[in-house]
Each structure stands twice: as structure tokens, then as C-alpha cells.
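**Student:** Protein sequences appear in the order of chains A and B.
Residue 343 in my numbering sits at position 343 of the first sequence, with consecutive numbering throughout.
Residue 1025 in my numbering sits at position 25 of the second sequence, with consecutive numbering throughout.
Derived by calculation from the structure, the hints in this document are not laboratory data.
Misleading hints may appear alongside valid ones.
Unchecked claim - The calculated label-pair distances, taken between Cβ atoms and stated as ranges, are:
1. Glu382(A) x Lys1069(B): 53 to 61 Å
2. Arg14(A) x Lys1206(B): 46 to 54 Å
3. Lys407(A) x Gln1189(B): 37 to 45 Å
4. Ser1060(B) x Lys16(A): 42 to 50 Å
5. Glu1123(B) x Met1(A): 22 to 30 Å
6. Lys1069(B) x Arg14(A): 32 to 40 Å
7. Gly1016(B) x Arg10(A): 35 to 43 Å
Being a predicted model, the structure only gives us computed values, none of them experimental.
No residue lacks a Cβ here, since even glycine has one placed at the ideal position from N, Cα and C.
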Amino acid sequence: MKNIFKIAIRNLLRYKRRTLMTSLLIIFGVVLVIVFSGVSVSFKSMMIGSITDSMLGHLQIHKKGYVSSIDNLPLHLNIDEKGIKQLDKIFEKHSDVIEAYSYRIKFGAMLSNFMETTNIRLTAVQPQMENAACPRLVERILGKVQDPGKFIEQGKIIIPENLSKGLKLKPGDEIVLVANNKDGSVNGLTLTVSHIIEGLLGPSGRDGFIHIDDAKILLRIYDNEINEVAIRLKNPDKLGSVNMILADELSQFKNQQNNPVFELHTWADLSPFATIASIVDLLIITVKIVLIAIVLISILNIMMMSVYERVSEIGTISAIGTLPSKVLWLFMAEGFSLGIISTIIGNVIGVLALLLINIANIHFSFGRMKNILLEISISSSELISVSLIVIIIAVISSLQPALKASKMKPVDALRHI
Amino acid sequence: MSLVELKHVTKNYQMGEMSVRALKNIEIEIDEQSFVSFVGPSGSGKTTLLNLIGCLDKPSSGEVFVNGKQVNNFSNKESALFRGQHLGFIFQNFNLLPVLSAYENVEYPLIMVQNIPAKKRKERIMHYLEAVGMADQKDKYPSQLSGGQKQRVAVSRALVTDPKLVLADEPTANLDHVSAFKVIELMRQMQHDFKTTFIFSTHDPKIVKEAEIIYTLEDGEIVDKEIATL
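Let's have the full structure, built from the sequences with the hints guiding it.
**Tutor:** So, in C-alpha cells, the structure goes:
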């Protein structure tokens, strides 16, 4: 085998310019895939991380029917004390995969600065639970947060940036919240603005935050009730399997009509960014298909030329007793060597390009998210997958010319000039 | 027992709708350690005859025996194995692999065909390169060698597998007179030293005289057999 590769490499070097051009084309393709994958996957992961870690969590549980009417932020689809206890048991049972969870009450209200009034969406939380379930929420809060576990206190409100600008509100200002209660009556509560929070893409990305106890006072909820649970997983990569486990657990709870009590959604079901993430994945696949086409055409071309130019040589080695299978391996080894050498160089250049992009400290804006630092990385599995694509396609594209060479009759090949 | 035996061998080629008879009812017996030449004008069937003996082609009818084996029914793989074990080839255009040095060209059949261990391989290669006087040129590539030198390396490559029979198709056609005679002399010496049978084709009357047995072909038939008195 060593000798087959020695001859293969020498044959490649025999046509230096042609080999170089083909190799450069493959290297370009590999670098393109690595840079594109690195940038787009990092962007996607960053955005998903931002959405899940600072807003949605990885999974959310609501009472059945809540999500379909989530735009109205209904209060009649709350999970009661009994439901909360059922959920507590499930979370305890699966504490090996669930890192944290946060109970929330989401509702709509009117916010007044005593001169102007506007509507606001609010998420009422228990700050310690919320900080554990969405640890990057505090990063969105403008100004310093002394204790992330107490980022919202009773009597305070965190308002979204767009409202603070529109109503000219700043920390320390007083506002009044007016909200409809569950029974239809109206109640008001005076709160002090503690912080301003920057907006984020998607529903609840522009919510204000208050303490859950204030929400209960405002909404006149006297029992333990919530309408949303955000769940953070220990390993986000196991989202699919945990989703199935929890869906199975939740399906056992039925109401009197024998319908499920709860509904479970992943972040992707709730965020419009999931569509963008799918498009990014599709683009990566497209770029990989381009790479496959580059490798396939360029190696097929060089190997076909190689076989046609060396018919007489094929005749010679066959005449002196080289088995057809070894002739096949000789040509396959050329395609494989070209593929593997190009992919190694392409990997090195691609990773260096990603390092250079990181050194350049590129910032970008996405939706309402401004000045985001693009921190690019690429997983070793992605590098391995790109390399395997090139090597496998190189071998496949060498196969046809190699088969042609191995099937040549020595007597015909020797006659070839 | 004969090393090569052809019985009623004919070979037809299909040229479009026409069938061209390249060999007609050939009957030959060649003994071991002979130095045989096929002579005749172009198109007389010399190369076709060598190809049949060398298991590179199959007859349209008749039987071909080499080293006691009937080779005309061999599959492609069996033919390749037989060639690698029992036959050596020398070509008109030398046919050395350009990416390999003289040493590596001689080494090629030992690695790719006979799978000989490295130590034994080196001994054998040097033995044959020395025998043809090319040991000092072993690291040169074919492009760095003259025609005569290339053919010496080719002789060395043909002999390194210790074949019973070496077939040479016009081995001197691309050489000047001096080199041509040197190559024939070398082949003769190898035949003597290594007890190898040589069959070569040529149309050069001066070269032909070096053979022990001369078969003359015309229009695909053997028209004369001459045994030289040396």
C-alpha cells in the first residue's frame, strides 16, 4: 500500500500545474465551507444562546391552549397550585437533565408616566429562579445589576428600552401599571423604574419585568398561580430527547374532558429565529453541495485526463503482471491523495481565516440587538465532516476513471501511442 | 518438453464488417533456454504471435501452451498472475515508468506483482542491474537515460522476477546500431547466465542473425524456420 501511494504522489507531481490548480480549487471549496460554516453556525448558536439564555429558556410549559392565544396574554389559562406541584415533581424527577426552571406570570397592562399612557407586556418572575433559568437576562439590563439573583425587587419595574425612550423614563422614575384582572376588574399599582432592558428578537423580547408578588397584587391572584414555565437544560444538545421525556410525563395529566392539561414547546416552536436558523442550516448544506460539486468535477476531470494520458503505461504495468485490482488502487490512490492533501491544507487555511476574523473583532447588529461581537468557532466534528465529504467524494470521483484503467486490455493499451 | 507450444493457432481481427486473419494455423514448439527470433515485414503477425505467447491476447482458435499450461483459456486475472510469475517483457519503446528511478522500475514487479520481501528484493535488483551494467545509474530517472540505457533497465526489469520466458517485441527498433547490438548481446548473455528463454521479434536482418532459431512470418503464416549454426 505504501508503494501504491508513493507512485500515486509521484504521478500527481508529474503534472504539477494541473495538480496545483485542482488542489487550489478544492482548497478554496474547503475554506469556503469552513469559513461559511464557522461564521453562520457561530452566529446561529449565539443568537439561539441569546434567545434561550436571556428570554425563552430551552423549553416552556403552559396550560393547554395558552400558546395559540399567547398574543392576548390570557389570564384564564393559568396553571394552578395543583398543577405547579405536579410540575415540581416532574422537575425533581428529571433533575439530572434539567438545570433550572422559572415560574412566570405574563400579562398585558397599561403603563403611565402620569403624562402619557401606553400598553406594555410584562413578565412577572421570582428573580432567583428566573436568573437560574435565563442567566443572560441580566446581561440585557442596561447599567449595573448588583446581585443577579435579585435583579428585580418588589415595588420595582424593569422597562424595555423602546418604552423608556418613548415615555422618557429613566431609573428612579415612578410609573403606574393598570391591568385587567382575571375576573375582568381593573387594578393599578405604582412602581419605580429600576432598570432599562434592551430589546431582543421575537415574542417577549420587548417585555418589561416585575416581581411575581407585585403581579399577584396587581392581578389580584390570591393563590399560587402562574401561566408559563421556562426550563433550562443542563445540556442543550439533548433538547430533543428531554422534550420527548417531558412530553411523555406531561401527557399523563388530563382534565375532566380527558384532554391534556399542559402543553410543552421548545424554544424553536416559540421563536421566529427558528426559521432563520433553518435557513442558515439550508445555506450551509448548499455550500457543502457546492464543495461536493467542486471536488467531484475537478477530481473526475484530472483522473480522466490522467487515465487517457497513461494508457500505454497502464498496458505496461498490466503486461508485466499487475492485477486489475492493483491498477484500480493505483488510480484510486491518486484521487484519494489529492483529496486528503487538499483537505488538510484547506482545513489549516480555513481555521486560520476564522482566527483572523476573530482577531478583527467584527461587530454586527441583528434586529433590535446592536453591536454584537461575532465570536467565531468551528467544532472539530464540523471539520471532520467537511474533510470526510472531500475524501469520500475524491474517492468516488476517482472510481470511474480507475475502473476504466483496470478494465483495459493490456494488448489494446500497449498499442496506444 | 517444449516451453512454448502452439497448436493450429489462428487469430482473426474484426475490422468493421470485415474479418482480417492475422495468424493462420500456426504450429510452433520452442524449447527451454532457446534464443528465438520472429522475423518478417510489418503486418506479418510477429507482434500478434508474441501477444498470444505472452498471454496478452487470446487466439480465435487453436491452443497455446506455455510452461506446460494451456494459457488460451485463462481469465484476465489468471493471465495477469501467470505473466507476473512466469514471463518477462521487453518493449520497443522501453516502457519504463517515468515517475520511478531505474532501481524502482526494476523493483516494481517485485513489489506489485511478486510481493518479495525488502532485503531479498534489494539483492535481486542490484544483481540484475549489475548484470546489465546499470548499477551505477540506478538512481536516474528514465528521462535522464539514453535509449540503450533504458532498454538495459527494461531487460533488468524483465529478468528480475526470474521468468522462464522473456518476450521482446522489436527491442532494438528504437536504438542506433551500436546500442541495438549491445542489447541483443546482453539478452544473449542473460539467456546464457540465467538459463532464460528469449523470444524476440525484429525486422532487422543483422539483428536476426544473432538468434539460434529464426521463424519467418509472412501474411500471418510461418513460411520458414531456420536453425542457426553457431
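**Student:** Determine for every hint whether it applies to the structure shown.
**Tutor:** Taking the hints in turn, this is what the structure says about them:
1. Checked against the given bound of 53 to 61 Å, the beta carbons of Glu382(A) and Lys1069(B), roughly 57 Å apart, stay inside it.
2. Judged by the Cβ atoms, the range 46 to 54 Å given for Arg14(A) and Lys1206(B) is violated: they are separated by roughly 37 Å.
3. For Lys407(A) and Gln1189(B), the Cβ-Cβ distance of about 39 Å falls inside the hinted range of 37 to 45 Å, so the restraint holds.
4. Separated by about 46 Å at the C-beta atoms, Ser1060(B) and Lys16(A) satisfy the suggested range of 42 to 50 Å.
5. Distance hint for Glu1123(B) and Met1(A): a CB-CB separation of about 23 Å, consistent with the stated range 22 to 30 Å.
6. Here the CB-CB span from Lys1069(B) to Arg14(A) is close to 37 Å, well matched to the stated 32 to 40 Å.
7. Taking the beta carbon of each, Gly1016(B) and Arg10(A) are about 40 Å apart, inside 35 to 43 Å as hinted.
Of the numbered hints given earlier, the model fails hint 2 alone.
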